[in-house]
Structures are given as structure tokens and as C-alpha cells.
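Asks: Full structure from sequences and hints, please.
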Amino acid sequence: GVMEAVELRVGFGGAGRMAGGLARGLLRAGKVPASSILASAPSDKNLDAWRESGCRTTHCNLEVLQESTLVFLATKPHVLPGVLQEIRPAVGPHHVVVSLVAGVTLQTLQRLLPAGTKVLRLMPNLPCVVQAGAMVFARGSGAGDGEAALLKSLLSSCGLCEEVPESYINIHTGLSGSGVAYVYLFAEALAEGAVKMGMPGGLASRIAAQTLLGAAKMMLETGEHPAKLRGDVCTPGGTTIHALHQLEKGALRATVMNAVEAATNRACDMAED
Amino acid sequence: MSRSPHSPLLRTFERSHTTGHLSEACVGAPATGGTNRASGPGTPAPSRGRPQHLLRSPAPELPTVSGLRKMGVNFTVSNKDTVKSSDVLFLAVKPPIIPFILEEVGPDIEARHIVVSCAAGVTISSIEKKLSAFCPTPKVIRCMTNTPVIVREGATVYATGTHADVEDGKLLEQLMASVGFCTEVEEDLIDAVTGLSGSGPAYAFTALDALADGGVKMGLPRRLAVRLGAQALLGAAKMLLESEQHPGQLKDNVCSPGGATIHALHFLESGGFRSLLINAVEASCIRTRELQHLADQEKISPAAIKKTLLDKVKLESPSLSVASASKVSLFTNKSPSSKKN
Numbered sequence: 531g532v533m534e535a536v537e538l539r540v541g542f543g544g545a546g547r548m549a550g551g552l553a554r555g556l557l558r559a560g561k562v563p564a565s566s567i568l569a570s571a572p573s574d575k576n577l578d579a580w581r582e583s584g585c586r587t588t589h590c591n592l593e594v595l596q597e598s599t600l601v602f603l604a605t606k607p608h609v610l611p612g613v614l615q616e617i618r619p620a621v622g623p624h625h626v627v628v629s630l631v632a633g634v635t636l637q638t639l640q641r642l643l644p645a646g647t648k649v650l651r652l653m654p655n656l657p658c659v660v661q662a663g664a665m666v667f668a669r670g671s672g673a674g675d676g677e678a679a680l681l682k683s684l685l686s687s688c689g690l691c692e693e694v695p696e697s698y699i700n701i702h703t704g705l706s707g708s709g710v711a712y713v714y715l716f717a718e719a720l721a722e723g724a725v726k727m728g729m730p731g732g733l734a735s736r737i738a739a740q741t742l743l744g745a746a747k748m749m750l751e752t753g754e755h756p757a758k759l760r761g762d763v764c765t766p767g768g769t770t771i772h773a774l775h776q777l778e779k780g781a782l783r784a785t786v787m788n789a790v791e792a793a794t795n796r797a798c799d800m801a802e803d
Numbered sequence: 158m159s160r161s162p163h164s165p166l167l168r169t170f171e172r173s174h175t176t177g178h179l180s181e182a183c184v185g186a187p188a189t190g191g192t193n194r195a196s197g198p199g200t201p202a203p204s205r206g207r208p209q210h211l212l213r214s215p216a217p218e219l220p221t222v223s224g225l226r227k228m229g230v231n232f233t234v235s236n237k238d239t240v241k242s243s244d245v246l247f248l249a250v251k252p253p254i255i256p257f258i259l260e261e262v263g264p265d266i267e268a269r270h271i272v273v274s275c276a277a278g279v280t281i282s283s284i285e286k287k288l289s290a291f292c293p294t295p296k297v298i299r300c301m302t303n304t305p306v307i308v309r310e311g312a313t314v315y316a317t318g319t320h321a322d323v324e325d326g327k328l329l330e331q332l333m334a335s336v337g338f339c340t341e342v343e344e345d346l347i348d349a350v351t352g353l354s355g356s357g358p359a360y361a362f363t364a365l366d367a368l369a370d371g372g373v374k375m376g377l378p379r380r381l382a383v384r385l386g387a388q389a390l391l392g393a394a395k396m397l398l399e400s401e402q403h404p405g406q407l408k409d410n411v412c413s414p415g416g417a418t419i420h421a422l423h424f425l426e427s428g429g430f431r432s433l434l435i436n437a438v439e440a441s442c443i444r445t446r447e448l449q450h451l452a453d454q455e456k457i458s459p460a461a462i463k464k465t466l467l468d469k470v471k472l473e474s475p476s477l478s479v480a481s482a483s484k485v486s487l488f489t490n491k492s493p494s495s496k497k498n
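Which chain is which? The protein sequence lines are D and F, in order. If you count the first sequence from 1, position 199 lands on 729 in the numbering used here, and the numbers rise without skipping. If you count the second sequence from 1, position 11 lands on 168 in the numbering used here, and the numbers rise without skipping.
Worth flagging that the hints you see were computed from the coordinates, not collected in a lab. Since the model is a prediction, treat every value here as computed from it, not as a measurement. Note that CB positions come from ideal geometry on N, CA and C, so glycine has one too.
Residues from chain F that face chain D, not an exhaustive set, calculated with beta carbons under 7 angstroms:
1. G405
2. H423
3. I435
Replies: Rendered as C-alpha cells:
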């Protein structure tokens with residue numbers, strides 16, 4: 531049956547930035563008490579921050595499997611096969627294994643784990659840390675509706691969480707995983723424009739961020755097409771339409787499409803390595 | 158489109174662009190570039206029992222003239238006749254000629270007349286100023302239309318002058334609505350309208366030509382490619398006009414994930430398609446304003462203009478005899494006594 535989140539013991543194999551972001555999101559949302567979280571890493575380097583939050587830590591991956599029911603695998607891709615071999619003896623039918631490892635397919639995961647293991651694959655993005663993440667997950671053959679519902683319910687505390695076919699995961703990387711960086715770049719450029727026109731940098735940066743946040747919030751809350759929202763801001767002959775013309779002249783749209791395509795293709799290429 | 162049975166009839170006509178005929182002071186002489194090819198075959202017009210459509214044409218050999226005559230349009234070389242027999246006067250000559258037309262027809266303009274100028278860049282105030290020498294309260298309406306009026310899918314806007322009543326505007330609107338979309342605007346928007354829908358058909362023709370090329374490149378016969386391209390744009394435009402949805406949404410509706418259309422759109426975006434269109438509308442609008450500014454200056458003498466025009470007419474239509482060209486009575490107050498039908 532579906533586990534109660536309260537009883538859930540959550541483990542993290544690997545304690546890097548992405549794992550930390552997810553854990554922090556879960557903690558902030560109050561979904562899981564820190565004492566129920568156990569993270570493993572080869573060195574103490576990453577684990578200090580976890581301990582400071584009240585989570586338990588270890589250097590032993592097996593212990594994570596033994597202590598937890600929901601296990602997030604968040605190692606570097608080249609490390610994962612070794613880790614899977616290590617933990618395989620301890621994996622049982624009660625476990626739900628969720629891989630965050632970029633480029634490792636469900637097929638590979640299922641091959642390296644006991645047959646029938648409930649495996650899911652998750653692609654989050656960094657703003658999970660501040661509970662404004664965008665996450666997609668795909669389920670393996672052993673995972674059912676219950677596991678999907680559990681994951682979705684848990685991770686919705688970190689932002690938007692949707693189930694997708696596995697083929698969308700690389701696209702999500704190009705759109706949102708890497709996409710966060712595109713936004714930072716855009717924000718930086720906005721602020722730079724303002725600085726050029728005479729505004730101090732710190733203020734410009736904060737306003738740029740708030741502008742992005744506000745626009746995004748309007749998109750999410752109204753559900754309106756961004757083209758329509760854009761039109762709403764453009765008074766005839768006004769400042770906005772003049773600025774948009776500059777963006778169109780620079781073929782911004784095509785450039786952004788190129789970026790998403792490049793990141794997606796790279797994700798696909800890396801997966802095959 | 159319903160029409161009042163009592164509305165006076167005026168047609169606008171296309172002057173053959175081969176002659177560059179600048180001298181037709183008509184009701185219905187076409188403006189530059191053949192706009193106002195107009196109501197033509199599409200709009201049957203109930204008559205009030207008087208001659209229906211008076212067009213002044215000094216060159217009856219023009220192909221447009223004979224075509225119009227077949228539709229029952231009456232012709233005259235006399236501006237006086239046209240003015241006297243009409244209620245609504247369309248002035249559709251090239252902008253630099255407008256002042257001279259107005260001087261010629263001015264004396265015959267009465268308070269009842271509605272003078273409609275289709276000349277790009279010619280302001281209402283400049284027309285009112287010229288006419289006020291003859292008539293204290295001239296009714297002037299300025300309009301901007303486009304070539305698809307010829308197939309009754311025109312886009313027309315109009316702005317009413319100081320002394321034009323609401324009903325006068327409505328009358329024009331009714332007339333032009335019979336050949337497409339027509340709405341009233343503030344005069345200061347007319348240049349923008351020129352850039353968008355005035356020139357717009359040219360942008361569309363260019364796009365259609367290129368789309369057809371694309372079709373041909375990929376194996377379609379030219380005729381079919383043209384037909385399909387035109388139908389695609391027609392259909393898309395119709396969908397947009399009949400839909401509440403934003404064109405961006407309609408575009409999305411056509412783009413299935415990873416499909417053909419989105420790949421194609423990426424190419425358009427890479428080429429700066431959108432900005433090119435924005436640039437085009439802007440350029441046309443700005444140029445309209447420039448032309449208006451030039452026209453306002455009126456620095457050239459009437460004699461110089463007359464000579465330039467006549468020379469041009471001779472150059473462009475060697476078949477026209479000098480004699481017929483000299484029947485142009487634009488710059489004199491005398492009209493030839495013969496009235497051609």
C-alpha cells in the first residue's frame with residue numbers, strides 16, 4: 531500500500547548539490563523529519579551541511595538501503611554502476627528506488643538491480659532547494675500507481691512535479707534542468723542593461739529577479755498563453771513594443787530554441803556514453 | 158453585406174499603372190499603386206435613377222476604362238459634371254495632385270458634398286484648408302484602404318474631418334463595408350494602418366511567392382503550389398478572425414511536439430521572421446509620414462508639376478497621342494465641352 535509520508539524513511543545515496551536541494555526542499559516543506567533522512571557520501575565534505583540540518587549521515591551505501599524505504603540515488607553517472615552493484619544484495623521488494631542520475635536509463639537501472647524492483651527515474655532542477663523546482667519522473671516496469679503517487683505527493687512540496695514518459699526526461703534537462711542557467715543569463719543581461727542606463731547593480735539585479743518571478747507567477751496563476759500576456763503589456767507605440775522589437779531583431783526566440791535543443795541533444799549523447 | 162438602397166453610388170477605379178496617369182481628377186480616379194481597384198464586379202449597386210458611376214478619364218483607351226464601362230460606369234472628362242451629379246466624391250489621385258484637384262473642383266463643392274480622400278499622407282486639415290476658400294464648412298473624410306477591396310476583402314479605415322457628421326462617416330463606412338472590413342479611427346493612426354494593411358497585401362504576395370517556391374523545390378507543380386499556399390494563408394486568416402484565441406495559441410495548436418511544423422518555425426525564428434515583418438510595417442509607416450511631410454511643403458510650382466506629369470504620361474504611354482494627353486484639363490478651370498460616354 532501507499533506509505534504514509536510520516537513513517538517514511540528516506541535515504542540518499544550521494545550527497546551532492548542535487549540531493550541536498552531535494553532534501554532541503556522536503557525539510558522546509560515539513561514533509562519528512564530530519565531524523566528520518568539518512569545520506570551517504572564517500573567523504574565528509576558534503577555531509578557536514580546535512581548534519582547541520584539534523585539529518586543522519588553515513589559513509590556506507592548499504593546502510594542507506596537497510597535504514598530507508600525510499601532511496602534516492604544521486605551519484606555521479608560514472609560512479610553509479612559500482613554503487614548499484616554494492617547495494618544490490620540489500621534491495622528488497624519494499625524499497626522504492628528513485629534515480630536522479632543524469633543519463634542513466636530505467637533499462638540500465640533495472641538491469642543492475644534485482645528483477646521487479648520498484649524503480650523510478652527523476653529529473654529535478656536546482657530551485658527545488660527553495661521549493662520552486664520543476665521535476666519530472668518516469669516509472670520503471672516494477673513501479674506502480676502507488677509509488678508514482680507517493681513520489682508526486684512528496685516532491686510537490688519542492689515545486690512542480692509531473693509524471694512523464696521517459697523520453698521527455700532529456701527534454702526536461704534542456705528546458706528546465708539547464709534552463710535555470712538560461713534564466714540567470716537573461717537576468718544578468720537585464721540588470722546590465724539597467725546599469726548601463728544608470729541604475730546601481732545590486733538594485734538592478736534584485737529587480738530583474740523579481741520581474742522574472744512576477745512574470746512567471748502570472749503565467750502559472752492565470753494559465754494564459756504567454757503571447758497573450760505579452761500583448762497585455764504592450765501599449766501601442768509604447769516602451770515595451772519598442773524593446774520587444776529589439777529582441778526579435780536579435781532572433782532571441784530562435785537562439786533560445788537552439789539552447790534547449792543543444793542541451794537536450796547533449797543529454798541524449800551523454801546517456802549513450 | 159447590406160446596403161442602404163438610397164446610398165449614392167460611387168466607385169473607385171484603378172488607373173492603369175502603365176500610364177502613370179496623374180491627371181484624373183475624379184471621382185474615383187485611383188490613387189497610387191492601383192489601390193481602389195475597388196468595388197468592381199462584386200458590388201451591384203441599385204441606382205437612384207441617375208447616372209450611376211461617374212469617372213473622369215481623359216484617356217478612354219485605358220484598359221481599365223473599357224472594363225469599367227462594361228460594368229455600366231459612366232465616364233466624363235468633366236470634373237464639374239462629376240461633382241454636380243454626385244454626393245460623395247472620392248479623390249483617388251496621387252498625393253501631390255490633391256491640392257490641384259481641390260482647386261479645380263473647389264468652386265463646385267457644396268455643403269452637401271462629402272469629399273473622401275484616399276491619398277496616402279494627405280491630411281484632413283490640408284484638404285479642409287484648400288476647400289475652405291470655396292465652401293465654409295467642407296465635409297472631409299480621409300480614408301485608407303487596400304487592394305483586396307477588389308475581391309471584397311478590403312481593409313479600410315477612415316477619419317472624419319471637422320464638418321463631417323456622424324452620418325457622413327457612417328455612410329462611407331457602409332459603402333466601404335460592402336467591400337471588406339471598415340472602421341473609424343483617429344487620423345493620427347492612418348499612417349500606421351498604411352504600414353500594416355495598406356502595404357500588407359504586398360508582404361503577403363511576397364510570402365506566397367516564396368512559399369510556392371518552397372513547394373516547387375520540394376516537388377510540387379507551380380500552379381498547385383501557389384493555389385495551396387494562398388489557401389493556407391486564407392484559411393489561417395479566417396481562423397484567426399473567427400477565433401477568440403491569440404495567434405500564438407493558434408500557432409501552438411498546429412505544432413505537434415517534435416513534428417514538422419515546429420521544425421519549420423524554428424527556421425523562421427532563426428531568420429528573424431518576426432522582426433522582418435515588424436521592420437516592414439515600421440518602414441512603410443515612416444515612409445508614409447515622410448511623403449506627407451514632402452507633400453505639405455508644396456514648394457513646386459503648378460506649372461512645373463504639370464510639365465513633369467505630361468512628360469511622364471508621354472514617356473510611359475507612347476500610344477497616347479499628344480492630343481489626348483492635352484485634354485487633361487486638370488490645371489485649367491475650363492473643361493472640354495465634349496462629354497464622353
